[in-house]
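Visitor: Spelled out, the chains give:
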Amino acid sequence: MARTDQGSGIYKIVSERKLDEIYKNASTGVTILRKKPDPIAEFYLAGDSK
Amino acid sequence: MAQEFKDNSAIVIDEFNGLWSRGGSDSVPLDHFSDCNNVKFIQSGFEWRDGIEPFIPREAVRIYPFTKQTGTSLLILDSSGNFYDSDYPNFVFLTVATATDFGFQAFAGRAYVTPCDGNTGIQNEFVYVYEGDGTAARKAAGFAPTNADGALAAVNSATAGNVEAGIHVFAVVYETDTGFLTAIGPDTLPSVTADGTHKVDLSNIPISPNAYVVKRHVVATKLIQPQFYTGDTRGYQFFFLPDGVIPDNTATTLTVNFFDSELLEDASYLLDMLEEIPAGAGLSIYHNRMVQFAEFDNISQIRVSVAGEPEAFNSVDGIVIFPLDGNPVTNVQEYRDIMYGFKLTKTNAWSDNGDEPSTWAMTVLDQGIGSGLHSIAKVLDSNGVNVNWLMIGSFGGIYLFNGAYQDPELTWKIRDFWLALDRDSWDKIQIINSSIEQTLEMTLSDGTMLHCDYSNGLDAKNVRFSPWTFDPFITSIAYLSDQLILAANGLRT
Chain B
1 MARTDQGSGI
11 YKIVSERKLD
21 EIYKNASTGV
31 TILRKKPDPI
41 AEFYLAGDSK
Chain Y
1 MAQEFKDNSA
11 IVIDEFNGLW
21 SRGGSDSVPL
31 DHFSDCNNVK
41 FIQSGFEWRD
51 GIEPFIPREA
61 VRIYPFTKQT
71 GTSLLILDSS
81 GNFYDSDYPN
91 FVFLTVATAT
101 DFGFQAFAGR
111 AYVTPCDGNT
121 GIQNEFVYVY
131 EGDGTAARKA
141 AGFAPTNADG
151 ALAAVNSATA
161 GNVEAGIHVF
171 AVVYETDTGF
181 LTAIGPDTLP
191 SVTADGTHKV
201 DLSNIPISPN
211 AYVVKRHVVA
221 TKLIQPQFYT
231 GDTRGYQFFF
241 LPDGVIPDNT
251 ATTLTVNFFD
261 SELLEDASYL
271 LDMLEEIPAG
281 AGLSIYHNRM
291 VQFAEFDNIS
301 QIRVSVAGEP
311 EAFNSVDGIV
321 IFPLDGNPVT
331 NVQEYRDIMY
341 GFKLTKTNAW
351 SDNGDEPSTW
361 AMTVLDQGIG
371 SGLHSIAKVL
381 DSNGVNVNWL
391 MIGSFGGIYL
401 FNGAYQDPEL
411 TWKIRDFWLA
421 LDRDSWDKIQ
431 IINSSIEQTL
441 EMTLSDGTML
451 HCDYSNGLDA
461 KNVRFSPWTF
471 DPFITSIAYL
481 SDQLILAANG
491 LRT
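Chains as they are written, first to last, in our numbering: chain B, 1 to 50; chain Y, 1 to 493.
A portion of the hints provided could be inaccurate.
FRET-style restraints, in silico, Cβ to Cβ [unchecked claim]:
| id | chain 1 | residue 1 | chain 2 | residue 2 | range |
| --- | --- | --- | --- | --- | --- |
| 1 | Y | Asp422 | B | Ser15 | 45 to 55 angstroms |
| 2 | B | Val30 | Y | Gly109 | 32 to 42 angstroms |
| 3 | Y | Asp416 | B | Ser15 | 24 to 34 angstroms |
| 4 | Y | Val364 | B | Val30 | 49 to 59 angstroms |
| 5 | B | Val30 | Y | Ile321 | 29 to 39 angstroms |
Not close to chain B: a few residues of chain Y, all C-beta gaps over 10 angstroms, as computed [to be verified]:
| id | residue |
| --- | --- |
| 6 | Asn38 |
| 7 | Pro57 |
| 8 | Ala160 |
| 9 | Gly231 |
| 10 | Thr469 |
Simulated from the structure, these hints should not be mistaken for lab results. The beta-carbon is built from N, C-alpha and C at its ideal position, and this holds for glycine as well.
Based on the sequences and whatever the hints tell you, model everything.
Guide: Right under this line is the structure:
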């Protein structure tokens, strides 16, 4: 469940954006950028593993 | 050129077909991912999903795109029960403190919202109408005239006329600023024994105490022979009078004159009109009728409005019943002229026979597959049909539906993942479709999303899935002007 005010809000997906910007204070200019949770693409290669 | 290692052959993977979650690890095909997260599919490849940036600094548990005459905005519900329009981000147009979700339907440029808890409508709450102009919403429908508004009186006028000789009963109907016509009133209806040679003078015409009433209509019966008059003033057919429109909410007198042959527009359907529409779990549209379902006291009931009148619900014959089984109706969707009703594991169909909704025959479609409150995929910013399919998120998977559920389900290759979803929180699963991007986006009850790319084909073999995770806890999604919008109400732990 949600925990804090940070992260609350409505966001838009932006093409080619390298980070997730999850908070911006318009008056102070404070911006919180988070590295996007890492992409995972794991392949299971069947067969004998040596 | 693939590098060869001693005693091993290179395995070339040139197609990336997303998550596989069916059976053990050694059943994963070489071109699928045994684990997958935050992947976006591109031609012959995959990359990190796109990032997000703040759009509206407002926490939200549900959002909908609202197309009005001036453009498209977002309707937003926060976790305190406050409703907002993104065009007026600091104005609360409605507050229902116990609402944790809501249903929405646009009609004639207005927004109709019904507060709910994800299961049924909020008890003792109602459907509201919001004009989209930054003013407060009000309850939809409206109250009929009462004796306290004005004790309507009718007498033969001294002015010559041609109201046909016999007994005529008179009444008044209010018209609201959204075009809704109330039930007939006031409580006591006057009757006049006309002599055929005079007009009729009306006085003490009721005035509504509500500012949303902008017009009044006088209705009357055709002549009733005195020997056949029962005295039941509501037991006869009422008609709108051609000269009976009062274009304000202030005048208290009117003189009317008519031949019975001029009385063509029936007003009798207003006798049993609801004055307030109970809140349901959701709203939908069928054949230009508003549909409400799953109110707190009647979870298996579907209410259907008069055609073209989204607030006009007849309390007697505007009702369709989904067979009772202790579970609420979860969705109603029009598809190819049929009204489909859903519970979590059942699907039934009704067809408009041109008569009142209570006469529509039901067809049982499926006793094992149904839908959740938000799990029928909608194209961009309008409801329902896209390329001849509905896409329905059911307990067993996401099914293509064209009047029958198609096998295999689209989620065939991630069956284990799908079956592990929390069935007690199925109202948190929202599915939306982009026919331009050829993707399905889904919210899940743990605040993450499931991304589905069907650009290689809309079938179980060619669809590609990847979970998406964000630091914010995603509660709801929508497309606004082709852009994917995510709502969150905090950080995901």
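Visitor: Over 10 angstroms to the closest beta carbon of chain B is the bar; see if Asn38/Y clears it.
Guide: Asn38/Y is in fact no farther than 10 angstroms from some Cβ atom of chain B, at 4 angstroms.
Visitor: Return holds or violated for the Cβ distance of Val30/B and Ile321/Y against the range 29 to 39 angstroms.
Guide: 55 angstroms, violated
Visitor: The hint says 49 to 59 angstroms between Val364/Y and Val30/B; measuring C-beta to C-beta, is that right?
Guide: With Cβ atoms ~58 angstroms apart, the hint holds.
Visitor: Take the C-beta atom of Asp416/Y and the C-beta atom of Ser15/B, compute their distance, and say whether it sits inside 24 to 34 angstroms.
Guide: 32 angstroms, holds
Visitor: Regarding the assertion that Thr469/Y does not contact chain B, is the least Cβ-Cβ distance greater than 10 angstroms?
Guide: Not fine: 5 angstroms to the nearest Cβ puts Thr469/Y too close to chain B.
Visitor: Quick check for students: does the CB of Pro57/Y sit more than 10 angstroms from each CB in chain B?
Guide: Given a closest Cβ separation of 5 angstroms, the condition is violated.
Visitor: Evaluate the condition: distance from the CB of Ala160/Y to the nearest CB of chain B exceeds 10 angstroms.
Guide: 67 angstroms, holds
Visitor: Would you say the C-beta atoms of Asp422/Y and Ser15/B sit inside 45 to 55 angstroms of each other?
Guide: Given about 32 angstroms between the Cβ atoms, the range is violated.
Visitor: Is the hinted range of 32 to 42 angstroms satisfied by the C-beta distance from Val30/B to Gly109/Y?
Guide: For Val30/B and Gly109/Y the Cβ distance comes to about 39 angstroms; the hint holds.
Visitor: Hey, does Gly231/Y actually stay past 10 angstroms from chain B on C-beta?
Guide: Consistent with the label, Gly231/Y stays out of reach of chain B, its closest Cβ about 61 angstroms off (over 10 angstroms).
The earlier numbered hints that this structure contradicts are 1, 5, 6, 7 and 10.
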